[in-house]
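Visitor: Sequence:
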Amino acid sequence: MSHKIWKLLLILLVFHYTNGLATSYQLPSSNEALIGEVQYYSTSSGENVITVAKQYDLGYNAIENANPHLNMARGFPSGSSLQIPTQHLIPNQPRQGIIINLPEMRMYYFKIGSNEVLTYPIGIGKIGKTIPITRTNITRKTKDPIWIPPQDIREFNLQQGIVLPSIMPPGPDNPLGPYAIYMQIPTYLIHSTIFPESVGRRASFGCIRMYEFDIQTFFSSVHHGIPVVIINSPVKVAWQKNYLYLEAHHPLEEHHDSFDTSLPGIVHLISSFSKTNTSFIDWQLVSYVAKERDGLPHEVGFKIT
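Take the sequence shown: its position 80, counted from the start at 1, is 80 in the numbering used here, and no numbers get skipped.
Since the hints were derived computationally from the structure, they do not count as laboratory data.
Please note that the accuracy of each hint is not assured.
What the hints assert, rightly or not - Simulated crosslink set (DSS-like; lysine-lysine; CA at most 27 Å straight-line):
#	residue 1	residue 2
1	Lys54	Lys129
2	Lys141	Lys54
3	Lys291	Lys126
4	Lys275	Lys303
5	Lys111	Lys54
6	Lys111	Lys303
7	Lys126	Lys54
8	Lys141	Lys129
9	Lys111	Lys143
10	Lys111	Lys141
11	Lys241	Lys275
12	Lys241	Lys126
13	Lys303	Lys241
14	Lys129	Lys143
15	Lys291	Lys241
16	Lys275	Lys291
Based on the sequences and whatever the hints tell you, model everything.
Guide: Encoded structure:
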């Protein structure tokens, strides 16, 4: 086999491995939560936030928050350096079924009998249309679903001069896309979308939107009865070995003035979390992370042994 063919195979293997790591991670021990690694990317001419987000299986919000120096409304200049936020703290919840963290706009899926966690970017509801914070479970799933537009969506579209049918059949105009997963909470679905640019944004009327290439495999894996917990955790704290990590996201607009999302609230959370260990905390860095809210885990302290 020629040197060129070997080189091509190596490139393809590396690409496949990198893409696999984008959503599937080895599950850390129960007292740790850090998964993935931050990556860096130099853009080519014509690329924009959507093309890069899809390439790394991220949402619009993740790229935007990690790269505040770039104008997301325009194409990236060739050679722009991007921070790729493919590192996360698993939310502090039982590691079973599905966890949906709304401020993070990210889903975590713990497959039964697997030592892996899969994570996906999601789009969520507009202000005032957010899915309830609750515990539920999956009831059924449908390939090529029909869509019955609720009254509020029909009225909204009518204001835009669009008359929706009472029943929309499967097809390229159906906003549910080819995959729909139903839960016990009525009218709220997890589904694919014909608007991939809405992943990582508040754009739906409450449903959870996923990239079609993500939900394809997710759809085949989930089944009736899998638990789903929907949480509002803009701030996450966790130990990784002897180091304390803090990850901060922008809160949902409806909860922007909550104590838990404020700097005093974050200080209280860290103090409570670290009180069982003699620790050093870099409170100046904590303040910086709380202000920037770049969605990345930051090492803000360590155990003193």
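Visitor: List, from low to high, the hint numbers that the structure doesn't satisfy.
Guide: 6, 12
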